[in-house]
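Residue numbers (numbering that gives the first Met the number 0), protein chains in the order written: chain A, 0 to 244; chain B, 0 to 138; chain C, 0 to 688.
Please note that the accuracy of each hint is not assured.
[Unchecked claim] Taking lysine-lysine and the DSSO-like style, the derived pairs with C-alpha atoms no more than 27 angstroms apart in a straight line are:
no., chain 1, residue 1, chain 2, residue 2
1, C, Lys598, A, Lys182
2, A, Lys114, B, Lys92
3, C, Lys280, C, Lys612
4, B, Lys134, A, Lys163
5, A, Lys86, B, Lys89
6, A, Lys163, C, Lys598
7, B, Lys134, A, Lys114
[Unchecked claim] Covered stretches of chain A, as calculated for chain B (at least 3 residues, CB under 8 angstroms):
no., stretch
8, 128-134
9, 159-170
10, 209-223
If you are wondering where the hints come from, they were derived from the structure by calculation, not from laboratory data.
Just so it is clear, CB atoms sit at the ideal spot from N, CA and C, and this is done for glycine as well.
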Amino acid sequence: MREEHGNVAPIMISKGEDPGDVRTDVPYQLITILGNIYPWMTDGKKIAVVTRKCDEKALAEFFKRGYFDRSRVIQIGLACDKEQIGKCRCRDPVPSVVDIGEQQVALGTDALSDKLLEMSSEERLRFWEYQFRKCNKCFACTANCPVCFCDECVLEERTFVPEKGVPPGMSFHLIRAYHLSDKCIECGECERSCPAGIPLLTFRKLVAKDFREMYGFSPGDEKTISPLLTTLEGEPLDGDECDEC
Amino acid sequence: MTEFKPTILAFCCNWCSYAGADLAGVSRLQMPPNVHVVRVMCSASVKPEYVMKAISQGIDGVLVLGCHIGDCHYMTGNHRTAKRIPVVQKILKDIGLDEKRVRLDWVSAAEGEKFQKVIVEFVGEVAKLGPNPLKEVRF
Amino acid sequence: MRVSPWTEMSAMNVKHVLTTCPYCGTGCNFYLQVVEDKLIGVVPCKTDEISRGQLCIKGYNAHAFVQHPDRLKTPLVREHGELRQVSWDDALDRLAKEIARIKEKYGPDSIAFLASAKCTNEENYLFQKLARAAVHTNNVDHCARLCHASTVTGLLYSFGSGAMTNTIPEFGDADLILVTGSNTLEAHPIIGSHMLKALDAGARIVVVDPRDTPLSRLAHIRMSQNPGSDIAWINGMIKVIIDEGLADEEFIRTRTTDFDKLKGVVKEYTLEKVESIAGVKGEDLAKAARLYANAEKAMIAYAMGVTQHSNGTDIVMALANLAMVTGHLGKESTGLNPLRGQCNVQGACDAGGLPNLFPGYQRVDDEQARTRFEQAWGVKLPGSPGLTLTCAVNEAAVGKLKAMIVFGENIMVSDPDLTHVEDALKELELLAVVDIFPTETTKLAHIVLPAACYAEKDGTFTSTDRAVRLLRRAVNPPGEAMPDWRIACELAKRLGAKGFDFSSPAEVMDEMAKLTPIYGGIDHERIDREMIRWPCPTKDHKGTRILHAQKFTKGLGTFAPVHHSPPAESPSEEYPFILTTGRNLFQYHTGTMTRRSPKLERQAPEPYAEINKADAKGLGISEGDRIIVSSRRGSIALRARVTERIIPGAVFIPFHYSEAAANWLTNAALDPVSKIPELKVCAARIQKG
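Can you build the whole structure from these sequences, using the hints too?
This is how it looks when you write it as structure tokens:
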């Protein structure tokens with residue numbers, strides 16, 4: 000990221016080009032951006048990307064599905080500062096290799112998650128019902144999510160999201176939560192880009208916690224395969240063309 | 000005072016549980032009303048999307064019935080189901096719906112009585128939970 | 000050191016170009032993602048004050064139509080009924096010759112120019128200069144005539160300035176937001192987003208709308224008024240505020256005049272009378288009045304539901320009365336905020352694309368103002384106001400207007416009473432259209448010129464909250480398409496006019512700024528780095544966020560004693576329904592851009608009419624049935640959407656679908672002052688298809 004035209008922009012520079020004043024405080028989701036442009040980078044050249052821990056995990060999800068040629072991607076590890084860790088309520092903020100920044104301590108909990116877990120189901124439902132009522136189907140959550148990589152998004156199908164106008168009903172959010180349950184690396188971009196101010200990161204964290212407790216699995220590790228893609232004995236399920244559902 | 004009769008959607012796999020449902024019917028076993036059975040080839044073809052859509056549109060309970068583990072006509076289909084449905088249940092719990100509104104069970108072609116038992120049990124559970132609160136929600 | 004984007008690089012050229020959205024008037028900035036010369040997507044700008052890194056679905060798809068194969072690529076001229084490709088020189092020469100011939104034969108006022116709310120400020124400045132200096136007519140207007148003309152006339156009277164008084168981000172800090180005639184979450188989603196921020200922080204929202212909209216479902220008080228009954232409920236609210244001692248006496252005394260005239264009028268609007276006219280419950284109205292008056296930071300937001308009436312100017316003035324009575328003006332998170340629809344309708348007005356106003360709202364019949372422009376442009380200028388768009392169509396229909404040069408507008412779908420429009424256009428001796436796609440209007444044109452769109456040129460758009468925002472060229476235009484500013488200059492030069500030798504839009508803005516006090520301090524270099532809202536009279540002025548802080552633009556605000564008057568066409572036995580038209584979230588205006596964007600088209604691909612459940616039942620209509628909706632002017636076939644979102648007795652049709660254009664049915668009854676048509680009310684009949 001770099002300051003340009005009075006704003007902070009994501010930029011791509013070539014070998015030998017001077018990057019100028021690089022900024023690390025504005026959290027653009029560079030893996031999503033990389034995901035958009037990678038298919039067009041047909042020259043086979045290597046691409047370096049500044050990665051926070053969540054970006055590293057997102058890349059792991061790309062590599063394990065063969066979506067990126069891992070030999071082409073060079074990671075420059077960026078440790079997030081305290082303020083950023085606080086905003087993301089991040090449990091895991093330090094990349095494997097820290098090239099920029101000073102490593103900081105993880106936060107552990109998300110205050111809103113804790114509050115929701117203490118509520119009764121009726122209160123919790125009223126809370127989420129209000130939140131989802133604000134949804135305007137901008138698809139920012141899917142557009143900005145690094146691990147949302149389906150070519151055809153099921154959320155655009157009337158079969159699954161039957162409402163003709165806005166707001167879409169609960170199915171939009173429930174289906175998305177399911178699709179992300181074994182992929183979400185809790186980068187928080189969905190929440191930051193939601194114009195309706197829905198606490199999506201909290202929702203992800205709640206589902207991730209349950210998933211972790213059920214299957215002992217967290218996304219973001221290249222070596223582990225999602226439990227949704229294995230048999231009860233842990234063997235990979237076969238016969239999949241698209242293994243996202 | 001009329002007793003609440005929940006609307007239930009029951010996905011039954013062709014090879015085992017649907018055959019079991021058939022057997023229950025042929026054996027004239029008594030079953031509660033408002034249970035809509037949908038035959039699928041394998042319980043694995045019940046995409047969680049369908050369950051989510053059904054619940055968000057106000058269905059009171061969704062039942063997914065497959066073959067016993069090891070008996071799946073497609074070998075590992077029911078393994079996939081066994082992994083997915085619990086996630087659906089947890090997500091419902093996280094937004095404040097009761098996970099007992101979705102149930103996964105295994106019923107073989109010969110288990111007409113088990114089929115009836117599962118249906119009656121499930122309908123009873125859901126009836127106790129009351130109508131799906133999302134029925135009242137007008138987005 | 001920043002490398003120029005046009006440098007050859009060894010790796011593939013990837014750039015993120017910061018630009019302004021071409022859809023609604025919110026004016027979000029985002030990055031267009033370009034790989035080599037291909038637009039591949041949109042990335043929100045996290046540091047943008049207005050959008051804050053968030054966008055609506057149209058914003059995320061703002062790249063999708065740009066490189067569509069349907070784009071007009073070459074000039075076209077109609078010969079023997081067919082449009083055929085010609086060179087630019089050929090097309091421009093023909094156009095200039097025709098204009099000269101018609102001007103010679105019938106006089107300059109037989110020609111009308113339509114400026115464009117989709118074109119930049121620089122372009123609109125040039126369009127009106129072309130009309131006035133090169134052709135010597137004040138017949139220049141644009142689609143603001145169809146949307147916020149009532150705002151311009153109404154607020155000019157009440158405050159002296161017709162623009163949004165506060166800024167978009169201030170909605171996020173308001174305590175009370177009164178929204179009327181605006182489906183904000185669908186028509187201005189990111190402005191709606193700021194309102195939601197306030198809602199989350201505990202603000203109260205009051206929505207007055209005959210339709211049940213996404214925002215009204217979140218509102219604390221929701222009133223469904225009968226379409227066109229707005230003055231009644233507004234006057235009713237003012238009466239409650241005065242009666243209960245909630246008026247801001249000090250503000251009224253020191254900042255306004257004519258309060259007694261207003262008092263005299265509103266005292267008739269008792270809660271009972273309001274209920275009988277508007278259909279809103281007295282206690283809801285009183286509650287809303289108290290909430291609005293008592294709040295510390297109360298904002299009013301309004302749009303077409305207020306303006307598109309045969310008494311639109313009066314309704315706007317009534318809202319101005321409401322704001323003045325409570326003193327909610329001139330301070331943070333207060334004010335009267337018209338939400339302008341198009342990306343540059345505010346700018347097109349500011350730049351003088353209006354028949355009675357020069358750039359900067361200086362009157363053409365004001366000798367002092369006219370002399371300034373005459374001196375700057377070196378030519379005598381006409382002094383009497385020209386034709387509005389709606390009147391121009393009427394004049395064309397009776398053969399008095401002979402030529403129309405249309406820059407970027409699709410009047411064959413967006414104007415009221417399309418049968419009348421079609422007849423009028425067919426009478427013209429010359430119809431020239433400049434656009435980016437073939438449209439229903441280009442189908443009737445004699446000359447069609449291909450233009451560059453927002454992603455292919457530099458320039459500025461002015462958002463609804465007066466922020467002048469930059470467009471930065473990201474990709475090349477297709478084929479031989481040219482930016483409108485070039486086209487206007489080339490045409491002017493061929494008409495023998497001087498003063499059209501510009502080598503960049505920045506130069507055009509420099510000239511415009513010299514003549515337009517509210518833009519006086521604005522140039523491309525400044526706004527490349529800073530966010531500036533007009534008035535910005537000098538280079539060291541930082542711009543103005545809040546209007547009327549110490550005094551109104553005209554000094555004292557004026558209360559306008561307005562009475563309710565019914566819509567021009569009421570339901571009858573033959574036409575028992577009230578037809579109201581409007582927008583939906585996924586499509587935009589006449590659909591030329593959104594219908595060519597796959598993800599948008601997919602969400603709302605078919606024309607439809609919203610009918611109330613009870614009415615549908617009575618007519619035996621179910622969801623998805625094919626129905627025919629007709630009015631005295633025409634009929635269309637579309638699908639029924641049976642819903643509780645519209646009041647019984649009314650039907651809503653979005654105007655985006657040219658295959659079932661709502662405007663075949665609408666009434667061109669005009670507000671006498673603003674000449675805006677009553678697009679929000681006419682009488683209709685529904686039958687099973």
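Each hint, compared with the structure:
Distance hint between C:Lys598 and A:Lys182 is fulfilled; the C-alpha atoms sit about 24 angstroms from each other, no more than 27 angstroms. The hinted pair formed by A:Lys114 and B:Lys92 meets the criterion: a straight-line CA distance of about 15 angstroms does not exceed 27 angstroms. A hinted pair counts as satisfied when its Cα atoms are at most 27 angstroms apart, and C:Lys280 with C:Lys612 qualifies at roughly 22 angstroms. Proximity of B:Lys134 to A:Lys163 is assessed by CA-CA distance (about 18 angstroms); at most 27 angstroms being required, the pair is judged to hold.
Of the pairs offered as hints, the one joining A:Lys86 and B:Lys89 holds, with about 26 angstroms between alpha carbons and a cut-off of 27 angstroms not exceeded. A C-alpha spacing of about 14 angstroms is found between A:Lys163 and C:Lys598, which places the hinted pair at or below 27 angstroms, so the restraint holds. Using a Cα cut-off of 27 angstroms, the hinted pair B:Lys134 and A:Lys114 holds, with the two alpha carbons roughly 26 angstroms apart. Counting residues of the stretch 128-134 of chain A whose beta carbon lies closer than 8 angstroms to any beta carbon of chain B gives 3, which reaches the threshold of three, so the coverage claim holds.
For the stretch 159-170 of chain A, the stated coverage by chain B holds: 9 residues have a C-beta nearer than 8 angstroms to a C-beta of that chain, and at least 3 were required. Counting residues of the stretch 209-223 of chain A whose CB falls under 8 angstroms from any CB of chain B gives 4; the rule of at least 3 is met.
Hint compliance for this structure: no hint is broken.
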